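Engineer: Take a look at the letters that make up each chain.
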Amino acid sequence: QQQVKQSPQSLIVQKGGISIINCAYENTAFDYFPWYQQFPGKGPALLIAIRPDVSEKKEGRFTISFNKSAKQFSLHIMDSQPGDSATYFCAARIKAAGNKLTFGGGTRVLVKP
Amino acid sequence: DTEVTQTPKHLVMGMTNKKSLKCEQHMGHRAMYWYKQKAKKPPELMFVYSYEKLSINESVPSRFSPECPNSSLLNLHLHALQPEDSALYLCASSQLSNTGELFFGEGSRLTVL
Chain A
1 QQQVKQSPQS LIVQKGGISI INCAYENTAF DYFPWYQQFP GKGPALLIAI
51 RPDVSEKKEG RFTISFNKSA KQFSLHIMDS QPGDSATYFC AARIKAAGNK
101 LTFGGGTRVL VKP
Chain B
1001 DTEVTQTPKH LVMGMTNKKS LKCEQHMGHR AMYWYKQKAK KPPELMFVYS
1051 YEKLSINESV PSRFSPECPN SSLLNLHLHA LQPEDSALYL CASSQLSNTG
1101 ELFFGEGSRL TVL
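Residue numbers (our numbering), protein chains in the order written: chain A, 1 to 113; chain B, 1001 to 1113.
It should be emphasised that the hints constitute simulated quantities derived from the structure, not laboratory data. As the structure is a prediction and not an experimental result, all values here were calculated from the model. Just so it is clear, CB atoms sit at the ideal spot from N, CA and C, and this is done for glycine as well. Warning: the hint list may mix true and false statements.
To give a feel for the contact side, a few chain A residues facing chain B, derived at Cβ under 10 Å [to be verified]:
#: 1; residue: 4
#: 2; residue: 6
#: 3; residue: 8
#: 4; residue: 17
#: 5; residue: 24
#: 6; residue: 32
#: 7; residue: 38
#: 8; residue: 42
#: 9; residue: 52
#: 10; residue: 91
#: 11; residue: 98
#: 12; residue: 108
Dumping the calculated BS3-like pairs for lysine-lysine here, alpha-carbon to alpha-carbon at most 30 Å [what the hints assert, rightly or not]:
#: 13; chain 1: B; residue 1: 1018; chain 2: A; residue 2: 42
#: 14; chain 1: B; residue 1: 1019; chain 2: A; residue 2: 100
#: 15; chain 1: B; residue 1: 1009; chain 2: B; residue 2: 1038
#: 16; chain 1: A; residue 1: 112; chain 2: B; residue 2: 1053
#: 17; chain 1: B; residue 1: 1022; chain 2: B; residue 2: 1053
#: 18; chain 1: B; residue 1: 1038; chain 2: A; residue 2: 100
#: 19; chain 1: A; residue 1: 57; chain 2: B; residue 2: 1009
#: 20; chain 1: A; residue 1: 15; chain 2: A; residue 2: 57
#: 21; chain 1: A; residue 1: 71; chain 2: A; residue 2: 5
#: 22; chain 1: A; residue 1: 57; chain 2: A; residue 2: 5
#: 23; chain 1: B; residue 1: 1038; chain 2: A; residue 2: 95
#: 24; chain 1: A; residue 1: 95; chain 2: A; residue 2: 57
#: 25; chain 1: B; residue 1: 1019; chain 2: B; residue 2: 1041
#: 26; chain 1: A; residue 1: 42; chain 2: B; residue 2: 1038
#: 27; chain 1: A; residue 1: 100; chain 2: A; residue 2: 71
#: 28; chain 1: B; residue 1: 1022; chain 2: B; residue 2: 1038
#: 29; chain 1: A; residue 1: 100; chain 2: A; residue 2: 57
#: 30; chain 1: A; residue 1: 71; chain 2: B; residue 2: 1041
#: 31; chain 1: B; residue 1: 1038; chain 2: B; residue 2: 1018
#: 32; chain 1: B; residue 1: 1009; chain 2: B; residue 2: 1022
#: 33; chain 1: A; residue 1: 42; chain 2: B; residue 2: 1053
#: 34; chain 1: A; residue 1: 95; chain 2: B; residue 2: 1041
#: 35; chain 1: A; residue 1: 95; chain 2: A; residue 2: 42
#: 36; chain 1: B; residue 1: 1022; chain 2: A; residue 2: 95
#: 37; chain 1: A; residue 1: 15; chain 2: A; residue 2: 42
#: 38; chain 1: B; residue 1: 1018; chain 2: A; residue 2: 112
#: 39; chain 1: A; residue 1: 95; chain 2: A; residue 2: 58
#: 40; chain 1: A; residue 1: 112; chain 2: A; residue 2: 57
When you get a sec, could you build the whole thing from the sequences and use the hints?
Structural biologist: So this is what it looks like as structure tokens:
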């Protein structure tokens, strides 16, 4: 019940295209859903996050869509750029469990120029 | 630049050595975390400190010993490690609030020979 399933494992998109990464969860106690971006040799950095009472959140070219009934959420990267090439992790948290994050398996995104 | 500083960036040790990883943050965060990350995998939580007290230990072997000397510092003492412990060790910090945003350091790349 603590799992967060992420797909696809890898993604190749042309510059200017849309990258879409999907995550699904089972535990309805999750109360916060962040996305982290990780470049090679670096630690993960928070990209954008959403709470289950919101269906969509947009920050620049990055949008999270959240479907509470389906227990799914996704990250859309619009106008993808080569600098967006990185590994993206979705995550979910239960605050009552000590702010512990459960990460998805990660998606390696390659944006071709 | 990350506001969570980890040293050393790289560490090579033998199975009989004793070494320590260090982490420092000056954001006034009262929660600090150790994660372990293997190649092409998501970070795995090891320990959480809340107000300088150990609040979560994810059944980590005793050859890993965390220490939180004060609210800004977090250490991970290593002793009698195994080659399979080779990984990127990430430190993170967060406020103890509803946001749950974790700030990660760049990690310490550990190789056990």
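Engineer: Could you run down the list of hints and mark each one as holding or not?
Structural biologist: Evaluation of the provided hints:
Hint status for residue 4 (chain A) relative to chain B: holds, with the closest Cβ pair at about 9 Å, below 10 Å. At about 8 Å, the closest approach between the beta carbon of residue 6 (chain A) and any beta carbon in chain B falls short of 10 Å, and the interface hint on this residue holds. For residue 8 (chain A), the shortest C-beta to C-beta distance to chain B is roughly 14 Å, which exceeds 10 Å, and the interface hint is violated. Below 10 Å, beta-carbon pairs count as interface contacts, and residue 17 (chain A) has none with chain B, the closest being about 24 Å; its hint is therefore violated.
Of the supplied interface hints, the one on residue 24 (chain A) is violated, with its beta-carbon coming no nearer than about 15 Å to a beta-carbon of chain B, more than 10 Å. At about 5 Å, the closest approach between the beta carbon of residue 32 (chain A) and any beta carbon in chain B falls short of 10 Å, and the interface hint on this residue holds. Interface restraint check for residue 38 (chain A): the shortest CB-CB distance to chain B comes to about 8 Å, inside 10 Å, so the restraint holds. A cut of 10 Å between beta carbons decides the hint on residue 42 (chain A): the least distance to chain B is about 5 Å, and the hint holds.
Against a cut-off of 10 Å between C-beta atoms, the interface hint on residue 52 (chain A) is violated, since the closest Cβ of chain B lies about 13 Å away. A distance limit of 10 Å between C-beta atoms decides the matter here; for residue 91 (chain A) the minimum to chain B is near 8 Å, and the interface restraint holds. A distance limit of 10 Å between C-beta atoms decides the matter here; for residue 98 (chain A) the minimum to chain B is near 5 Å, and the interface restraint holds. Interface restraint check for residue 108 (chain A): the shortest CB-CB distance to chain B comes to about 8 Å, inside 10 Å, so the restraint holds.
Restraint check for residue 1018 (chain B) and residue 42 (chain A): the C-alpha separation of about 25 Å stays at or below 30 Å, so the hint holds. A distance of roughly 27 Å separates the Cα atoms of residue 1019 (chain B) and residue 100 (chain A); the hinted pair therefore holds under the 30 Å criterion. Restraint check: the Cα-Cα separation between residue 1009 (chain B) and residue 1038 (chain B) comes to about 15 Å, which is no more than 30 Å; the hinted pair holds. At roughly 46 Å between alpha-carbon atoms, residue 112 (chain A) and residue 1053 (chain B) are farther apart than 30 Å, so this suggested pair is violated.
Between residue 1022 (chain B) and residue 1053 (chain B) the alpha-carbon distance is near 17 Å, which keeps this suggested pair within the 30 Å criterion. For the proposed pair residue 1038 (chain B) and residue 100 (chain A), the alpha carbon gap of about 19 Å is at most 30 Å, so the pair holds. For the hint linking residue 57 (chain A) to residue 1009 (chain B), the alpha-carbon distance of about 35 Å lies beyond 30 Å, and the restraint is violated. The hinted pair formed by residue 15 (chain A) and residue 57 (chain A) meets the criterion: a straight-line CA distance of about 23 Å does not exceed 30 Å.
Distance hint between residue 71 (chain A) and residue 5 (chain A) is fulfilled; the C-alpha atoms sit about 11 Å from each other, no more than 30 Å. Proximity of residue 57 (chain A) to residue 5 (chain A) is assessed by CA-CA distance (about 21 Å); at most 30 Å being required, the pair is judged to hold. Annotation: proposed proximity of residue 1038 (chain B) to residue 95 (chain A) holds, straight-line Cα distance about 26 Å (limit 30 Å). As the CA atoms of residue 95 (chain A) and residue 57 (chain A) are separated by approximately 20 Å, the hinted pair is consistent with the 30 Å bound.
The straight-line distance between the Cα atoms of residue 1019 (chain B) and residue 1041 (chain B) is roughly 24 Å, inside the 30 Å bound, and the hint therefore holds. At most 30 Å may separate the alpha-carbon atoms for a hinted pair to count; residue 42 (chain A) and residue 1038 (chain B) meet this at roughly 13 Å. Restraint check for residue 100 (chain A) and residue 71 (chain A): satisfied, since their Cα atoms lie roughly 19 Å apart, inside the 30 Å limit. Using a Cα cut-off of 30 Å, the hinted pair residue 1022 (chain B) and residue 1038 (chain B) holds, with the two alpha carbons roughly 19 Å apart.
Pair hint residue 100 (chain A) plus residue 57 (chain A) holds up; C-alpha atoms about 22 Å apart against a cutoff of 30 Å. Proposed proximity of residue 71 (chain A) and residue 1041 (chain B) is supported: the alpha carbons are some 23 Å apart, at most 30 Å. Of the pairs offered as hints, the one joining residue 1038 (chain B) and residue 1018 (chain B) holds, with about 21 Å between alpha carbons and a cut-off of 30 Å not exceeded. Restraint check: the Cα-Cα separation between residue 1009 (chain B) and residue 1022 (chain B) comes to about 10 Å, which is no more than 30 Å; the hinted pair holds.
About 27 Å separates the Cα atoms of residue 42 (chain A) and residue 1053 (chain B), which keeps this hinted pair within 30 Å; it holds. With a C-alpha separation of about 23 Å, the suggested pairing of residue 95 (chain A) with residue 1041 (chain B) holds against the 30 Å cut-off. A C-alpha spacing of about 26 Å is found between residue 95 (chain A) and residue 42 (chain A), which places the hinted pair at or below 30 Å, so the restraint holds. Simply put, residue 1022 (chain B) and residue 95 (chain A) have alpha-carbon atoms about 26 Å apart, close enough for the 30 Å limit, and the pair holds.
Restraint check for residue 15 (chain A) and residue 42 (chain A): the C-alpha separation of about 23 Å stays at or below 30 Å, so the hint holds. For the proposed pair residue 1018 (chain B) and residue 112 (chain A), the alpha carbon gap of about 44 Å is over 30 Å, so the pair is violated. About 23 Å separates the Cα atoms of residue 95 (chain A) and residue 58 (chain A), which keeps this hinted pair within 30 Å; it holds. At most 30 Å may separate the alpha-carbon atoms for a hinted pair to count; residue 112 (chain A) and residue 57 (chain A) meet this at roughly 26 Å.
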